[in-house]
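Produce the entire structure from the sequences given, and follow the hints as far as they go.
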Amino acid sequence: MTIELTPDALDVHGETPADLVLPDRVAGRLYTDPDLFELEMTRIFERSWVWVAHESEVPKPGSFKTTHVGRQPVIVARNRKGEINTLLNRCRHRGASVCEQPSGQANGFTCPYHAWSYSLDGQLRGIPYPEGYEGVLAKGDITLGKLRTESYGAMVFATADPDAEPLTDFLGDVKLWIDRFFGLGGGYPVKVLGRHRFRFRGNWKIQLENTTDGYHFPIVHRSWMASVDAETAEMMSFMTDPTCTTHDLGHGHSVMQMVPTHSDLSADDGTEPLQARFDDLVAELKGTGLDDAAVRKLVHAMHGTGFNLNLFPNVSMSAAFLRVLRPISVDETEIEHIALGPDGPPEVVDPVNRAKLRIHEHFQGPFGFGTPDDAEGWDRVQRGAQAAPTMPILVNRGLARETPSPEGWPTSHVTDETGMRTAYAQWKAMMGDD
Amino acid sequence: MTETTSLRTAVAGVPLTDPRVVRAIELVWREAELLDRADYTAWDALYAEDGTYVVPIDGSVEEFDDVLNMVYDDTRMRRMRIVRMTEGHALAAVDAARTVRTVSRFVPAVVSDDEVVLRSAQVLVAYKRGRHDLWVGDVEHRIRLSETGDRIVRKVVRLVDSEGAPPAAGFLL
Ligand code: FES
Ligand SMILES: [Fe+2]
Numbered sequence: 001m002t003i004e005l006t007p008d009a010l011d012v013h014g015e016t017p018a019d020l021v022l023p024d025r026v027a028g029r030l031y032t033d034p035d036l037f038e039l040e041m042t043r044i045f046e047r048s049w050v051w052v053a054h055e056s057e058v059p060k061p062g063s064f065k066t067t068h069v070g071r072q073p074v075i076v077a078r079n080r081k082g083e084i085n086t087l088l089n090r091c092r093h094r095g096a097s098v099c100e101q102p103s104g105q106a107n108g109f110t111c112p113y114h115a116w117s118y119s120l121d122g123q124l125r126g127i128p129y130p131e132g133y134e135g136v137l138a139k140g141d142i143t144l145g146k147l148r149t150e151s152y153g154a155m156v157f158a159t160a161d162p163d164a165e166p167l168t169d170f171l172g173d174v175k176l177w178i179d180r181f182f183g184l185g186g187g188y189p190v191k192v193l194g195r196h197r198f199r200f201r202g203n204w205k206i207q208l209e210n211t212t213d214g215y216h217f218p219i220v221h222r223s224w225m226a227s228v229d230a231e232t233a234e235m236m237s238f239m240t241d242p243t244c245t246t247h248d249l250g251h252g253h254s255v256m257q258m259v260p261t262h263s264d265l266s267a268d269d270g271t272e273p274l275q276a277r278f279d280d281l282v283a284e285l286k287g288t289g290l291d292d293a294a295v296r297k298l299v300h301a302m303h304g305t306g307f308n309l310n311l312f313p314n315v316s317m318s319a320a321f322l323r324v325l326r327p328i329s330v331d332e333t334e335i336e337h338i339a340l341g342p343d344g345p346p347e348v349v350d351p352v353n354r355a356k357l358r359i360h361e362h363f364q365g366p367f368g369f370g371t372p373d374d375a376e377g378w379d380r381v382q383r384g385a386q387a388a389p390t391m392p393i394l395v396n397r398g399l400a401r402e403t404p405s406p407e408g409w410p411t412s413h414v415t416d417e418t419g420m421r422t423a424y425a426q427w428k429a430m431m432g433d434d
Numbered sequence: 001m002t003e004t005t006s007l008r009t010a011v012a013g014v015p016l017t018d019p020r021v022v023r024a025i026e027l028v029w030r031e032a033e034l035l036d037r038a039d040y041t042a043w044d045a046l047y048a049e050d051g052t053y054v055v056p057i058d059g060s061v062e063e064f065d066d067v068l069n070m071v072y073d074d075t076r077m078r079r080m081r082i083v084r085m086t087e088g089h090a091l092a093a094v095d096a097a098r099t100v101r102t103v104s105r106f107v108p109a110v111v112s113d114d115e116v117v118l119r120s121a122q123v124l125v126a127y128k129r130g131r132h133d134l135w136v137g138d139v140e141h142r143i144r145l146s147e148t149g150d151r152i153v154r155k156v157v158r159l160v161d162s163e164g165a166p167p168a169a170g171f172l173l
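Residue numbers (UniProt numbering), protein chains in the order written: chain A, 1 to 434; chain B, 1 to 173.
Calculated directly from the structure, the hints in this document are not laboratory data.
Model, not experiment: these values are computed from the prediction.
Hints are not guaranteed to be accurate.
[Claimed, not checked] Pair ranges (Cβ atoms, derived):
hint	chain 1	residue 1	chain 2	residue 2	range
1	A	Ala387	B	Ala38	23 to 33 Å
2	A	Ala293	B	Gly59	35 to 45 Å
3	B	Ser146	A	Ala96	49 to 59 Å
4	B	Tyr127	A	Tyr133	45 to 55 Å
5	A	Ala106	B	Thr86	40 to 50 Å
6	A	Lys139	B	Glu163	33 to 43 Å
7	A	Ala230	B	Gly59	28 to 38 Å
8	B	Arg76	A	Ala387	35 to 45 Å
9	A	Ala106	B	Gly59	21 to 31 Å
[What the hints assert, rightly or not] Pulled from the structure, derived: some chain A residues nowhere near chain B, Cβ distances all over 12 Å:
hint	residue
10	Gly14
11	Thr42
12	Gly70
13	Lys81
14	Gly95
15	Ala96
16	Ala115
17	Ala138
18	Pro260
19	Gly287
20	Thr288
21	Glu402
[What the hints assert, rightly or not] Sample of chain B residues lacking proximity to chain A, with all beta carbon distances greater than 12 Å (derived):
hint	residue
22	Arg101
23	Pro108
24	Val123
25	Glu140
26	Leu145
Ideal Cβ positions, reconstructed from N, Cα and C, are used throughout, including at glycine.
Now the structure itself:
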């Protein structure tokens, strides 16, 4: 369908949220309407599977991290048996948060207000001066609120909906791509190396779109492209390469392949030269006694995988890091960029991870050569979208060249808006349910 | 001298009026003014060839190689950053906030005839599109004193909210 860019004809009006999303456009109100934001928090963030942790962040019994599911503060904790639970960070007495540390190691959680204490499973264990509760409260029945928690490939998700489909069904064909993503470990398991956090003054869906927006790359990231070595700039030159594609994987998920030759790092045939910038690293790794194949596997994976895997609603597995979004309000969003690298013997993984940290710092974070330019673009979307709330945001790029892949995934060029269309289709399905 | 311990305290008996400390303070204030004016080329000239510029995430670390930082620039990276800030292709730098910073509360942590390590507090207000953002942190300058000109060998800015979520920036601290 060809859109005529005449006034009014293409405006998106509607009585219900679902009316505001059409296959090729969405109403600008989706970024600016506080009532829609409130509905999103309940209909999407309290019902979908929401990413909460990578298993390496809670490595052993007693390890925990605090985070959010939508706007709700939670603790992700590993219990004595090694199982991971997602607990609401809210005391059952009068509501105080029971943990304010970003992460750590604990035997349980004690509320600071009246010292009710909870086990790693969230079970209420102790109440000071219990006489006052005789006949009014049975301690054994009380636990911190608990969300369903399931993992795939070390990616931990939680949902507040007890009736949500199993995680494995929600992920579907995404699982194959999660497996490929962790090829970034170069033959080793993967651990979290660190995280950048920053906020931008715009709606969360602007970030959701951006991780599947190949179109902006050479424009917004011209400054970063100019600062990297020629090999890396060449690697990211996907604008007119027809082999670079985006697949709609269903359920709002998509994968955008910027460097398809690096989509499956295990399929390396050994013909692609390793980047010259890593010569010193190669020499150092060979000095540790690793054989050539193991060294090649690590160094071939230095930039991570060649794709962004975008999971609705809050995480993108992007080359060698995770981008996690958290909606704060209709016009403010917090982003985490979580750097990942191999976990193994220090003499092998430390030099690799040092180089990975520098690559990550170069693009990401509040002072990276990429992130601030993205954030400026997103701020501008939020400001511009105040004009004409019914005027559509166009997500029709490449619609006429979208065809099914052999796997049956709707597929278009990497610069097309296939990934945004599937995300909005999922938004429409979840927001439309009453 | 063991810096990791001594950096946290003042050098006993060295007053702020010590001429070596005064030279260091002058350099730090000159730097602050150049950064507020976004005169990054002149700013670069304040750094030694082996100078590093760091904005860590973990405010407690002294070694930055094995951790993720917001900024960890050697001279090569600092010069690339200056190109980025000045060449006109970076959206964030083209439309950067206007900044005004105050650096004070100086504490000389190491003082010798060759080198001064100076700790200070920096309060920076960044104004852009109707909003004032606060960037507040402890700063540490290691300054090499020389007849041919005093130079910054290392600058570390430890933001009070370095583990929080600041906005992305189009200026330098
Ligand atoms: S609010 Fe937690 S013990 Fe009272
Ligand atoms: Fe971007």
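Now for the hints, and whether the structure bears them out:
no. : hint                               : verdict
1   : A:Ala387 with B:Ala38: 23 to 33 Å  : holds (31 Å)
2   : A:Ala293 with B:Gly59: 35 to 45 Å  : holds (41 Å)
3   : B:Ser146 with A:Ala96: 49 to 59 Å  : holds (56 Å)
4   : B:Tyr127 with A:Tyr133: 45 to 55 Å : holds (54 Å)
5   : A:Ala106 with B:Thr86: 40 to 50 Å  : holds (48 Å)
6   : A:Lys139 with B:Glu163: 33 to 43 Å : holds (36 Å)
7   : A:Ala230 with B:Gly59: 28 to 38 Å  : holds (37 Å)
8   : B:Arg76 with A:Ala387: 35 to 45 Å  : holds (43 Å)
9   : A:Ala106 with B:Gly59: 21 to 31 Å  : holds (23 Å)
10  : Gly14                              : holds (31 Å)
11  : Thr42                              : holds (24 Å)
12  : Gly70                              : holds (17 Å)
13  : Lys81                              : holds (31 Å)
14  : Gly95                              : holds (23 Å)
15  : Ala96                              : holds (21 Å)
16  : Ala115                             : holds (27 Å)
17  : Ala138                             : holds (40 Å)
18  : Pro260                             : holds (27 Å)
19  : Gly287                             : holds (18 Å)
20  : Thr288                             : holds (16 Å)
21  : Glu402                             : holds (30 Å)
22  : Arg101                             : holds (15 Å)
23  : Pro108                             : holds (28 Å)
24  : Val123                             : holds (18 Å)
25  : Glu140                             : holds (18 Å)
26  : Leu145                             : holds (29 Å)
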